[in-house]
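Colleague: Use the sequences and the hints to build the structure in full.
2 protein chains.
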Amino acid sequence: MAHYGYFNGTIAPVDQLAVGISDLGLLRGYGLFDYFLTYNGRPFQWDWYWERFQNSASRMHLPLPLGKEEAYGILMKLLERSDLTDTAFRFVMTGGYSADSISVERPNLLILTEAIHPVPPIQYEKGIKVILDEYVREMAEVKSTDYKRVILMAEAIRAAGASDLLYQKGGEISELSRSNFFLVKSSRIVTPDRHILHGITRRTILKLAQRDFQVEERPVLLSELYDADEAFTTSSTKKVLPITQIGELTIGDGHVGPISRALLEQFNEFIEAW
Amino acid sequence: MAHYGYFNGTIAPVDQLAVGISDLGLLRGYGLFDYFLTYNGRPFQWDWYWERFQNSASRMHLPLPLGKEEAYGILMKLLERSDLTDTAFRFVMTGGYSADSISVERPNLLILTEAIHPVPPIQYEKGIKVILDEYVREMAEVKSTDYKRVILMAEAIRAAGASDLLYQKGGEISELSRSNFFLVKSSRIVTPDRHILHGITRRTILKLAQRDFQVEERPVLLSELYDADEAFTTSSTKKVLPITQIGELTIGDGHVGPISRALLEQFNEFIEAW
Numbered sequence: 070m071a072h073y074g075y076f077n078g079t080i081a082p083v084d085q086l087a088v089g090i091s092d093l094g095l096l097r098g099y100g101l102f103d104y105f106l107t108y109n110g111r112p113f114q115w116d117w118y119w120e121r122f123q124n125s126a127s128r129m130h131l132p133l134p135l136g137k138e139e140a141y142g143i144l145m146k147l148l149e150r151s152d153l154t155d156t157a158f159r160f161v162m163t164g165g166y167s168a169d170s171i172s173v174e175r176p177n178l179l180i181l182t183e184a185i186h187p188v189p190p191i192q193y194e195k196g197i198k199v200i201l202d203e204y205v206r207e208m209a210e211v212k213s214t215d216y217k218r219v220i221l222m223a224e225a226i227r228a229a230g231a232s233d234l235l236y237q238k239g240g241e242i243s244e245l246s247r248s249n250f251f252l253v254k255s256s257r258i259v260t261p262d263r264h265i266l267h268g269i270t271r272r273t274i275l276k277l278a279q280r281d282f283q284v285e286e287r288p289v290l291l292s293e294l295y296d297a298d299e300a301f302t303t304s305s306t307k308k309v310l311p312i313t314q315i316g317e318l319t320i321g322d323g324h325v326g327p328i329s330r331a332l333l334e335q336f337n338e339f340i341e342a343w
Numbered sequence: 070m071a072h073y074g075y076f077n078g079t080i081a082p083v084d085q086l087a088v089g090i091s092d093l094g095l096l097r098g099y100g101l102f103d104y105f106l107t108y109n110g111r112p113f114q115w116d117w118y119w120e121r122f123q124n125s126a127s128r129m130h131l132p133l134p135l136g137k138e139e140a141y142g143i144l145m146k147l148l149e150r151s152d153l154t155d156t157a158f159r160f161v162m163t164g165g166y167s168a169d170s171i172s173v174e175r176p177n178l179l180i181l182t183e184a185i186h187p188v189p190p191i192q193y194e195k196g197i198k199v200i201l202d203e204y205v206r207e208m209a210e211v212k213s214t215d216y217k218r219v220i221l222m223a224e225a226i227r228a229a230g231a232s233d234l235l236y237q238k239g240g241e242i243s244e245l246s247r248s249n250f251f252l253v254k255s256s257r258i259v260t261p262d263r264h265i266l267h268g269i270t271r272r273t274i275l276k277l278a279q280r281d282f283q284v285e286e287r288p289v290l291l292s293e294l295y296d297a298d299e300a301f302t303t304s305s306t307k308k309v310l311p312i313t314q315i316g317e318l319t320i321g322d323g324h325v326g327p328i329s330r331a332l333l334e335q336f337n338e339f340i341e342a343w
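Here the protein sequences line up with chains V and C, keeping their order.
So my numbering is basically just the index in the first sequence, starting at one, shifted up by 69.
So my numbering is basically just the index in the second sequence, starting at one, shifted up by 69.
The set of hints was computed from the structure by calculation and includes no laboratory data.
Be aware that one or more of the hints could be misleading.
[Unchecked claim] Derived coverage of chain C by chain V (criterion: at least 3 residues anywhere in the stretch with Cβ under 8 Å from a Cβ of chain V; other residues may be distant): (1) 79-88; (2) 96-104; (3) 150-164; (4) 176-189; (5) 209-216; (6) 219-228.
We put the beta carbon where it would ideally sit given N, CA and C, even for glycine.
Modeller: Shown next, in the form of structure tokens:
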């Protein structure tokens, strides 16, 4: 069972795909990406992902080499070729090959199938620990390939026995390194609305949560962590993952709270029926 | 006359070199580089470049896969194989191939020979125009592959009839997108000392300039542009390149000044004798 990928018109096993060394993603960090899963053989929230990928490309001034229907056709072909029921898809689009190592000529587009790495069940039962990091991502709303910070901080995360970083700048919380942040206070659900990547799982959760809870999208301060009842993070792979410790601070009573649990259940029902 | 490159132990023509798609430089922007020229067949300021590359690697927590002597041997082999008297060398070192698309295992190291792209002579005679950009590079002192900003701003630079960006943040000047900044005021030579890449050409120029001029390395404010007599930028390819216009502001009388000219001459003499 090989994973297949698409690169500028060609489909091949991913371990046979390679990018020439004049690529501006490699040489200059000029690249964007997206990542999503399929459920029951269907790309989850495809319309929203494509819309975001288009927006990111436009913000990076990169023309898309293919349209939505064509891209969907490639996804289906890759899924079939890889002989999988479900997969993770990764889009990577760079500034392409450049004769002078700086000017964009024509983007390079990769669409890859990848193994899904689910979160260990214990993390849903116990919640995770994250550590605060004074940082805000440049152009956070664009899903660029710029993830230097979390790789740079890998050792600090490990040393703290934590799973990830929670970015804050000047006392304002934005997001985790690859997922969004929520807190729960007196049954209200609060999530930052700026300096963040607008996650598709975040968007899905907000929609589900609005049926039962009051939801606030607004700037969130560090000081609000002190009287939060619950905290959690959302992403394609993490779904709704409880956060029970932030640095030295225990959130609520230190156990996974009922609202985090309820939202995870609702999300799991939603994807089962996708 | 092909350009040759080295990739993890193998030497091949650069157009045959390719990097697998799980590389963290490509997927996550986790890479660093360096760039220098040879003069008379000898790598210019090799000791300083190697020292900087080592420092960048250490700051990025990437172990160097080879030592200084071995690296120098590769440079000489590439130069010989490419059948060139002089060349540009580019080092690119990424986080390497990653099974989970985020963890560093073993860096990938590329050493490439490239054609030198000299600055058109007219720019030395007339000076260049740059435009101001409110920006400061993350980890500016590390020569990472993060050059998103200047690629993103390419259209704005072109539209202004300019050659490059001059970064400033909160009224403090740091550097151009790929070169250092100097100004001349009453025969004193002033250059920013923080939020910059410590350029090797900058270091060489400071050394040469100290023989004849008073030199100040310190924070430089935007307001100092208004009564500057001259301005110039330094890099491997630009050498000492006069800047005669910054946005709408003409520097001095708008012509290339005598000190910029003198430093360029001294630099050219220095490299001729290298």
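Colleague: Decide, hint by hint, whether the structure agrees.
Modeller: Status of each hint after checking the structure:
As drawn, the region 79-88 of chain C meets chain V at 5 residues by the rule of a beta-carbon pair under 8 Å; at three or more, the given contact holds. Remark: the region 96-104 of chain C is confirmed as covered by chain V, as 6 of its residues place a Cβ nearer than 8 Å to a Cβ of that chain, reaching the required three. Closer than 8 Å: that is the beta-carbon criterion, and the region 150-164 of chain C has 4 residues meeting it against chain V, so the requirement of 3 holds. Look at the region 176-189 of chain C against chain V: 4 of its residues bring a Cβ nearer than 8 Å to a Cβ of that chain, three or more, so the hint holds.
Counting residues of the region 209-216 of chain C whose CB lies closer than 8 Å to any CB of chain V gives 4, so the stated coverage by that chain holds, three being the minimum. Look at the region 219-228 of chain C against chain V: 5 of its residues bring a Cβ nearer than 8 Å to a Cβ of that chain, three or more, so the hint holds.
Hint violations for this structure: none, all hints satisfied.
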